[in-house]
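Go ahead and model the full structure; you've got the sequences and the hints to work with.
Protein chains: 2
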Amino acid sequence: MPTKKILLPEDDIPKQWYNIAPDLPKPMPPFIDPSTKEPGVGIVPKIFPKAIIGQELSKERWIDIPDEVREVYKIWRPSPLYRATHLEKLLKTPAKIYYKYEGVSPAGSHKTNTAVPQVYYNMKEGVTRVSTETGAGQWGSALSFAAMTFGVKATVYMVRASYDQKPYRKMMIHAFGGEIFASPSKQTEAGRKILAEDPDNKGSLGIAISEAVEDALVSEVKTNYTIGSVFNHVLLHQTVIGLETQKQMAMVDDYPDVIYGCIGGGSSYSGLIWPFYHDKVTKKAPKETKLIATEATACPKVTKGQYIYDHGDTARITPLVPMHTLGHDFIPAPIHAGGLRYHGIAPTISILTQENQMTTEAYNQLDVFDAAKLFIQSEGIIPAPEPSHAIKGAIDEALRCKETGEEKTILFLLCGHGHFDMQAYEDYHMGKLQPYEYPTEKVAESMDKLHTLYPWLDKVNKQYISCEPL
Amino acid sequence: MPTKKILLPEDDIPKQWYNIAPDLPKPMPPFIDPSTKEPGVGIVPKIFPKAIIGQELSKERWIDIPDEVREVYKIWRPSPLYRATHLEKLLKTPAKIYYKYEGVSPAGSHKTNTAVPQVYYNMKEGVTRVSTETGAGQWGSALSFAAMTFGVKATVYMVRASYDQKPYRKMMIHAFGGEIFASPSKQTEAGRKILAEDPDNKGSLGIAISEAVEDALVSEVKTNYTIGSVFNHVLLHQTVIGLETQKQMAMVDDYPDVIYGCIGGGSSYSGLIWPFYHDKVTKKAPKETKLIATEATACPKVTKGQYIYDHGDTARITPLVPMHTLGHDFIPAPIHAGGLRYHGIAPTISILTQENQMTTEAYNQLDVFDAAKLFIQSEGIIPAPEPSHAIKGAIDEALRCKETGEEKTILFLLCGHGHFDMQAYEDYHMGKLQPYEYPTEKVAESMDKLHTLYPWLDKVNKQYISCEPL
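Residue numbers (the working numbering), protein chains in the order written: chain A, 12 to 481; chain B, 12 to 481.
It is worth saying that the hints were derived from the structure and are not from the lab.
Even glycine gets a Cβ: it sits at the ideal position worked out from N, Cα and C.
Certain hints may be false.
Facing chain A, according to a computed beta carbon distance under 8 Å, are these residues of chain B, among others [said to hold, decoys possible]:
hint	residue
1	T14
2	E21
3	P117
4	M159
5	M182
6	M183
7	F187
8	E390
9	I392
10	I393
11	H430
12	M433
13	Y436
14	E437
With beta-carbon atoms standing in for the labels, derived distance ranges [unchecked claim]:
hint	chain 1	residue 1	chain 2	residue 2	range
15	B	G51	A	H440	39 to 47 Å
16	A	D209	B	N212	40 to 48 Å
17	B	E71	A	D264	53 to 61 Å
18	B	P345	A	T463	58 to 66 Å
19	A	R411	B	E231	39 to 47 Å
20	A	T415	B	K291	56 to 64 Å
21	A	H440	B	E208	56 to 64 Å
22	A	K100	B	G65	28 to 36 Å
23	B	T14	A	K70	52 to 60 Å
24	A	K298	B	P345	52 to 60 Å
25	A	T370	B	Y447	55 to 63 Å
Spelled out as structure tokens, the structure:
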């Protein structure tokens, strides 16, 4: 049997992150400030440290990782690359399947890769508290871990519905010394206003973002806001995943024909594929690698959404972001892959999609849990529901190889474990899961509303996204 | 900073387990059959496969690990040895602290090290189903994982109180394809009898053992019983822990001055220390290494119990075992370290204790969680409550070194993660934990009852344990 775990020594933790910005097939369109209808970043400079804003806008290809960050990374990095020997056997496929496993981090997912540098840069600029929102809790727990590490306080606004349903994530945030409020909360003006109108409001990511941002803006203690995905600097930090994977695949003299990952905001998948994309643009790639993202049919932003300017949050606090979106008023069905329920996507994912550098497939959660079950039965690791979408893609690909006899090399990202998602597996076990497909008509409705809200939207879309002459 | 994770390649997964039996300072006393008052193993041959019984009684020093078992071990073995760099810094100690981390296994603890070979040997002898009891659920989930791996069915009787309190473990057993019943259950004569008298009975490990053994004895399908600790063959399988650790310490040119671990039945700690004990008896040890086990003050079998013949279970189905015990009628306080609530201990731990080869310290859970908090704050990993007892021992030792200036090398076993124990941390966070100290008088009462039950007990104790002339 081949080596199962391909491991790197700590010296091989990357010393620089890779930034895709200078290598994009076309430049990233600017954010738009809806009040001026012109490029503008709105509140961004008030809630992020200078170093992070610098990275967000940087055109440098390689950005140094501070030694202090690499020292914390050592707790779990380099993460293992697994050969899915037992899964290959179960599927009887001629394909080789590899997965990069980020569930070994203290918070159990890739989110710590960016939480650590984000808190570090804040700490260096004298910030003593960071705020954020969290849905299912992966980001909130990763941020709390990172904050604890650098002696910074973390305040997390967790969507009330998840706060009640996923108590273990809340407890983990406490264990890491974080402060957590069910959102809407009485801590902020935004929260109090909503609770006054609806005391039983179950919250949403949009509301939680509003609370976390307000907290950072008004706090008397020096507080900044932090974000777990979508923004360029977050994706940048996640490239440690892909950079390590490249070295690991080289150790077994292999290179992927196809790379699967799941996309919520798009950070983990970008972290994996950017370095492979760099191989391609620098002609170092030994073969053509297909990049296939996976999303939930309950939240099909790339497969059914439009590439257009839209707000990153329901409450319209953020500037307009050029991205595939289902509309900022999108209300997700209660699928267990909480991390995939975001209405938009990282702008670079949209550019790569538009320029035919990658594609996206959508799966319903019943098929996804069927795939996760096969993975557990063979590989033993219980995956989170989010990366189980990538597992579904990889298994389908491996089964197609079985039909055709192709000996493809399939790589996918297992971005987190499912230890705090056991209720999802129990619901699956008990036959309680619904497939959920988001209807196309609903997207059209949201787009109509967006155009009614901003009648000038087509103009900026043409000018910055389609780059058509006005 | 030194290397944080000391990793071995898969080729270094041990090829043989180390058996302490031939190297014990005195031979292991036999089991006693209370019906004959003579040495005898009772029901043992009816519920275990021949290969396991062979290992249980073996005097061979090295026992080959089957290739099929090593192939499954590759999923998580060799497990990492960590240098506790961040904890050392937090404590400002001149000591070097290392921990071997077994939480990387699919079920999250060391239990899989023995579950895999146990199911393998059963499968080889045609057994198609295995039964067992579980308290907090670590053993039940490890066995379910192993059974899934070899296509064998697993039936787990989980103590009702834990079944209700720790739903995630039950769900994990389901996810691994295991069948689980809250004990007492209606599946067995023993369970039905108890439920008839007391329909709300919350169960105990003793009752669950009775059910799992009865299941194996009466089942029409070829079913065997499996056990997660105490027995020699279980401890033997766990020696992969210590054998790997020796290689890893050699990689950084170090050797422990003291080794901490926690003891429930004693299998994980034995797995770590046996190979170091072998170094000592073969004069290969470069220094004198202190072996210090840790237990809960709520269940102080070694520090307050007596070394005497007693049953392994409350229902008195097992033969009499020569061990430190609090009495088979012991009812544990509801401490969160469920794995440390067993009234007895592996007989070899008792021999090593009696022969002054090791000592044991007891800690209350408030002090234990204080130590766990320091560990989380620095190392990031959330430990299970059981190994947090070992963390407490290691931290105290490191703080003593700070006083004396000694640069000791401290090694401890982190036998599992605490992802399914978050309620314990939340209770600690909320100030709800009780320290619990088991009163010495209670032990005396249990011993009196035992002597009343078996008036001839002193005689066999003298003959086989103390080896005094009759």
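Notebook entry, point to check: Which earlier hints can't be squared with this structure?
Noted result: Numbers 17, 21, 23, in rising order.
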